[in-house]
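Q: Dock chain B against chain V, hints included.
Letter by letter, the chains look like this.
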Amino acid sequence: MSMSQLDAETTTILAKLDADKALRPDEPSLPVGEWMGKNLFGMGQGSPWAVVRSTLLTVLFGLLALFSYRGFLNFVFSEERRWDAVRTNLRLLFTQAYPDENYTRVWVTVAIVAALAGLSLGLMKVGRGLSMKRIATWCFAWGGLIVVGILLREASALTNADGSIQLDVDKQPIREGFIDKLGERGTWWVLGLVLLVIGSVIWFTLGDLRRRTTFVPAIPFGLVTLGLFISSVWWFNWGNYTFTDDGFTFDPGNKVAGSTQMPWTLIFVVLLVAYLIGQFLLRSERAGTFRGVVNGLWLLAPFVTFWVVLRGPVIDWSHVLSTHLPMALGFIVLGGALLWFLTQPGIGEKGRIIAVALILFALFNWLAAFMGWYPMLQKARLSFLFLGLAAAIAPNFIGDAKQRLKLIYGWVGFMTIFHILVTIINTPSSVEVPTEDFAGGFMITVYVAVFTMIFSFPLGVVLALARTSRLPLFRMLSTVYIEVIRGVPLITLLFFFSVFVNLFLPEGMELSGLAAVTVAFVLFSAAYLAENVRGGLQAIRRGQYEASDALGLTTVQRTMFIVLPQGLRVSIPPLVGQVIATFKETSLLAIVGVFDFLRIARDVIPAQTEFLGVKQENLLFISAVYFIVSYSMSKYSQRLEKQLGVGER
Amino acid sequence: MSISDATTFTSDEMASRADMIISDGVDKWYGDFQALKGVTATIKEREVVVVLGPSGSGKSTWIRCINRLEQHQGGRIAVDGVELTNDTRNIEKIRREVGMVFQGFNLFPHITVLDNITLAPIWVRKKPRGEAEQLGRDLLERVGIPEQADKFPGQLSGGQQQRVAIARALAMEPRIMLFDEPTSALDPEMIKEVLDVMKELARSGMTMMVVTHEMGFAREVADRIIFMESGEIVEVGPPEHFFTNPTEDRTKLFLSQIL
Chain V
1 MSMSQLDAET TTILAKLDAD KALRPDEPSL PVGEWMGKNL FGMGQGSPWA
51 VVRSTLLTVL FGLLALFSYR GFLNFVFSEE RRWDAVRTNL RLLFTQAYPD
101 ENYTRVWVTV AIVAALAGLS LGLMKVGRGL SMKRIATWCF AWGGLIVVGI
151 LLREASALTN ADGSIQLDVD KQPIREGFID KLGERGTWWV LGLVLLVIGS
201 VIWFTLGDLR RRTTFVPAIP FGLVTLGLFI SSVWWFNWGN YTFTDDGFTF
251 DPGNKVAGST QMPWTLIFVV LLVAYLIGQF LLRSERAGTF RGVVNGLWLL
301 APFVTFWVVL RGPVIDWSHV LSTHLPMALG FIVLGGALLW FLTQPGIGEK
351 GRIIAVALIL FALFNWLAAF MGWYPMLQKA RLSFLFLGLA AAIAPNFIGD
401 AKQRLKLIYG WVGFMTIFHI LVTIINTPSS VEVPTEDFAG GFMITVYVAV
451 FTMIFSFPLG VVLALARTSR LPLFRMLSTV YIEVIRGVPL ITLLFFFSVF
501 VNLFLPEGME LSGLAAVTVA FVLFSAAYLA ENVRGGLQAI RRGQYEASDA
551 LGLTTVQRTM FIVLPQGLRV SIPPLVGQVI ATFKETSLLA IVGVFDFLRI
601 ARDVIPAQTE FLGVKQENLL FISAVYFIVS YSMSKYSQRL EKQLGVGER
Chain B
1 MSISDATTFT SDEMASRADM IISDGVDKWY GDFQALKGVT ATIKEREVVV
51 VLGPSGSGKS TWIRCINRLE QHQGGRIAVD GVELTNDTRN IEKIRREVGM
101 VFQGFNLFPH ITVLDNITLA PIWVRKKPRG EAEQLGRDLL ERVGIPEQAD
151 KFPGQLSGGQ QQRVAIARAL AMEPRIMLFD EPTSALDPEM IKEVLDVMKE
201 LARSGMTMMV VTHEMGFARE VADRIIFMES GEIVEVGPPE HFFTNPTEDR
251 TKLFLSQIL
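These protein sequence lines are chains V and B, in that order.
With the first letter of the first sequence counted as 1, position 188 gets the number 188 in the working numbering; the numbers rise by one all the way through.
With the first letter of the second sequence counted as 1, position 144 gets the number 144 in the working numbering; the numbers rise by one all the way through.
No wet-lab data here; the hints were simulated from the structure.
Please read all numbers here as calculations on a predicted model, not as lab measurements.
Certain hints may be false.
27 angstroms max Cα-Cα, derived BS3-like pairs, lysine-lysine [said to hold, decoys possible]:
| no. | chain 1 | residue 1 | chain 2 | residue 2 |
| --- | --- | --- | --- | --- |
| 1 | V | LYS350 | B | LYS151 |
| 2 | V | LYS125 | V | LYS635 |
| 3 | V | LYS584 | V | LYS133 |
| 4 | V | LYS350 | B | LYS93 |
| 5 | B | LYS126 | V | LYS406 |
| 6 | V | LYS642 | B | LYS151 |
| 7 | V | LYS350 | V | LYS406 |
| 8 | V | LYS133 | V | LYS635 |
| 9 | V | LYS125 | B | LYS151 |
One chain only, chain V, in its complex shape (with noise of 0.2 angstroms):
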């Protein structure tokens, strides 16, 4: 349903929230040392056994942590570490050869991305932020970390004066003694401490006021973080660009740092600006209203930054008002009247013959351009069908006027964004890029993860609607292809859309490179949705069913406005699994050759002449970043879980 009825929903439960924790009081917390004896050593339970058998397996698992811990600690500190080549590539990493005087193009598409994130955090409904509780808990866990990590780290190797490090007889490094190590690490020391004694002063101050009275906004306690590491690129040396255009070259005075100061000092204050703008708008009667507008510009971003903004299209406008424009408002202002004709009360059958003609019609021309009988525009082909399709919902809009418009608006303003889209994608881009895709990297990591998902979600529904049909054979053909696809190994269907397709396409439709590889990862993605709502459906009650039915509910009026929303609702964990798999899952378009995130730091850094065979650290630094953005997700989708109430009925 509307926005309004989902707030009013998500504010009743975060104030449901609110309350418990007002509400509820403290367990009582036992002291450190009995805390330690009850849950790491077993006593208390009576049993001598226990004691033994929850002592060993305490001490096994921790000097097994420690140990990964140390490992991991020397692994990333060692001198032998290259960590400049991840530093130096950062440009090379995220968007690969993408040609430098159009960069500003890319600083555009970040600020925009920058701006709605700091309008949807400006609006998005906040319950109380981070007890002092859990700050005093993280200030002890990191502040542990470090000191622990300072002593179990081994020591630096000694160095001639050269800068060579010392090595003894059998090539090992020579490394200086413990307490040289310990007075060594000064940073390191500070900052653990000072952590540590942040928590002491919150836990033992605030007794169990903590976990109650004092909170601190989580929104404004991330943007300074995040300020205070874009700050960074201001005072530390983010190392030099090795690429320019003509091929991998260092380049000793082009600091990474000093030619992004500026983009990403300006991006911060778009994104504290956004979110100051979204915090004035949130107070507004109608903040439900300006959220669904974001939410509809986030769906519309990824088409206008990929082909507006990076490509820079070259529109031939004597075409476009010869051929395009009047073609659109063809669809719009004809097509609009026979859906104002089709909503008309008292059309009664006509209308279901009229619609089901025109997807007849729009069928029919998707089988003339595979037999090549006649040419047309694809553009027009998939108005017609998306004009069949709105037919074949209009009954549902008879009524008044204003029920009516309703119908006419949606069609003219989607048809309008439409064609511009359409438009805009099908002209050649100003942007030369010297590589066969167009962009690489984290870039083109984004964008097929993003264009996947945009296009595999509705899919996916679709599917999962048709396999719990009652007709026969939409439920047939949707089994067979969910089955066929998850048959199929991602890999082969890649291999297959990125070398073959093209051989069973008609002629006049080309699928390449990228488009190519990105309908395969739709393809697939969309059976795996398609099983993850199958099952949220499922979930619903039969009683769900017959109380729309017996209110006179049409089938379409109760998938929309009873079936889908709960069943969606239920499927968010699945769901969100899903596009996060997707997401490290386009890390297989490396093995397709495609310059993506993986490709770049497995084999383009350590090809180059500075950092020859330099691996293990690029491939430890994309996978933190998989990781970042992954985990941001999947937290987000907790979120919603609990703003939308999954679980509770």
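A: Here is chain B on its own, set in the frame of chain V:
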């Protein structure tokens, strides 16, 4: 019109009123099990009929056949002059005229109480939103919970939920209301509030068909009682006759067990 008026229609008056529901030899099978065996009855306009019987006697199945939640396989059903066939247009027409209240309420948990009530008037009856919302609030007033309009069904007690369900059915302005064990899922202290609403509805002249185990309600409100067992109608009669002087042995046995 007082309650005593409503229960003392003469048979002449009854005969002159229109037939609202005609069930003629209705058969229904679940696999090899025959749930309804030639159920024949006619329900008049403004009549309140209570269907009694032990569990598994087919009373819920019968009432659910009347608005096509279950499909009957033999005989004929006509509602307000519309023949119930496989023709979807007839089914749509009948469902618009017949409101139904379920044992498990079946409210839509993801939208507010008011939206539960206005959904069908807006999308099926094509009422403007403002008008539908006014109607929804009036109906909530009528069932005694106007203050719950913006809450979600999950935040209401069982009795309140069932009253919302009645308001939701009434919002379609039906000519007939079907009640399928409306109080069976309720705690004892909430049964009265729902029965009170149903009594008020009966007094207002609504044609009602009620499957229930509430004998007090049946005795007080029903114009006629239909007693079913094993998929058949065993006995039909006005409440005074039914409770004090039943003719069939099976009815006597049922009453001796239940009273």
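Q: Could you work out which of the previously given hints the structure breaks and list their numbers from low to high?
A: Structure breaks hints 1, 3.
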